[in-house]
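Number of protein chains: 2
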Amino acid sequence: MTFTERLRQIQQTCNSLLCIGLDPVLDKIPSHLQKTGDPIVEFNKHIIESTSDIVCAYKFNLAFYEVMGPAGIEALEDSLDLVPQDILTIGDGKRNDIGNSAERYAEMLFEGFEFDAATVNPYMGTDSVEPFIKYPGKGAFILALTSNPGAKDFQKLKIGDRYLYEKVVQRAKKWNTGNNIGLVVGATQSRELAGIRKLASDMPILLPGIGAQGGDLKKSIEHGCTRKKDLLLINVGRSIIYANNVRDTALEVHAMINTYRNV
Amino acid sequence: MTFTERLRQIQQTCNSLLCIGLDPVLDKIPSHLQKTGDPIVEFNKHIIESTSDIVCAYKFNLAFYEVMGPAGIEALEDSLDLVPQDILTIGDGKRNDIGNSAERYAEMLFEGFEFDAATVNPYMGTDSVEPFIKYPGKGAFILALTSNPGAKDFQKLKIGDRYLYEKVVQRAKKWNTGNNIGLVVGATQSRELAGIRKLASDMPILLPGIGAQGGDLKKSIEHGCTRKKDLLLINVGRSIIYANNVRDTALEVHAMINTYRNV
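Those sequence lines, one after another, are chains E and D.
The first sequence begins at 60 in our numbering and counts up by one.
The second sequence begins at 60 in our numbering and counts up by one.
A few of these clues could be false.
Which copy is meant is left open, because identical chains are indistinguishable; a pair holds if it fits in one copy or across any two.
[Unchecked claim] Pairs of lysine-lysine, DSS-like flavour, derived with a Cα cap of 27 Å: (1) Lys-193 - Lys-87; (2) Lys-211 - Lys-193; (3) Lys-277 - Lys-257; (4) Lys-232 - Lys-257; (5) Lys-257 - Lys-217.
Simulated from the structure, these hints should not be mistaken for laboratory data.
Note that the structure is predicted; figures quoted are calculated from it, not measured.
Put together the whole structure using the sequences plus the hints.
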């Protein structure tokens, strides 16, 4: 089964487009968990147990684990073991390098951690992306238009009649012969999302930037899911994982997403 | 002292522009070292001991360590401890993320591993680069024009009368108020290197792609060091670290570099 088919299947089965970003920072973790032997893993365990019936994926931003050294890598491995088998895991590392090095990153992500998908920075072009897309069943989400202010600096530069991010989308479509490539589009860019959805109608879009970053959920769904079959993966991180009641907040977000989808 | 000043000082002291890329692959390591308890660290130790009097820096590509899991991170830490104090270390991770996440990467690289410099992918713009440039004395090498074939896919797209990589160089110059930013330019791009050197006359350029990737050393120095004071950091990896005689090969490369510099 291709990654895109896997994503469609899990989204249908669990009736959810929600992906939760598990990017824990030690000093933001509830104090009773900080006293345990492995606070990061305990924290993730709590989030996963509270939400695994209403999400289709968990996204792990590698920066938050790598900053803790070897212990952080172990915490990431242990956290991944807690994710139920049918739910997808995304290794959000935004890696990119020449082919020879990119192969190591792909091996780390897909064979080491056994992530189902990874985020990939496109700046270095085709041969730097290829190692990530040659794993059958695994997905590569290519950064197209990101959620941060700096997205305008290069991604929105005009090349002829197209923006750079549209050139990336066009190229990603060409790369997508294995039906395993998606795009990262920030939820803060909901106007541009409509254009990207038109350009790449059959590709999954991973949408970060809801919540702490101020992205508009309703507009994002309106523009990213124009047809019932459009694949959108909505990542919510800080506003769920640090909520007073994780399950209630996740349920609320899940319900909101499904309300907007069905309008 | 700014990073650029530090680089100038060490290059003068050791009379060398040579940076060796310590990117070991287990099955390419000599068999007698494979039998030791910590083959990667033993291998790096051998390279460092054979070359530390003729290099100004060692570059560690994180992909090669991360692929080995927590043990790889420990091997990287142990290898860094073997580098003499006055020689610069570069964490080649090509990281880039939104500010909040990029801060973790910068912390990992500059406080965790204590690298002197890091490579940074510019695709996500200003706020994604800022966390890497706010460390006094540490350097950030921004990917401008890379050595791989895919460099043409996006980096060589034309924006008005400039290529994307030139836009990146112009932006990097603006970011460089702390005199701690450099550029990565592949040695396979020696023609374009001349133009980049003109655009960014006072910035250090890290030049990978010599040796296994086919870059031209003579032309690279001709175009990258047009004035005596131009800062060029020439990375050589596989062709030195896997040489039959590491020291002799490194000496040869070092001598060639200095011959071409002094023409």
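Each hint, compared with the structure:
{"no.": "1", "hint": "Lys-193 - Lys-87", "in the structure": "between (38 Å within a copy, 24 Å between copies)"}
{"no.": "2", "hint": "Lys-211 - Lys-193", "in the structure": "between (31 Å within a copy, 21 Å between copies)"}
{"no.": "3", "hint": "Lys-277 - Lys-257", "in the structure": "within (18 Å within a copy, 48 Å between copies)"}
{"no.": "4", "hint": "Lys-232 - Lys-257", "in the structure": "within (12 Å within a copy, 36 Å between copies)"}
{"no.": "5", "hint": "Lys-257 - Lys-217", "in the structure": "both (18 Å within a copy, 24 Å between copies)"}
Hint compliance for this structure: no hint is broken.
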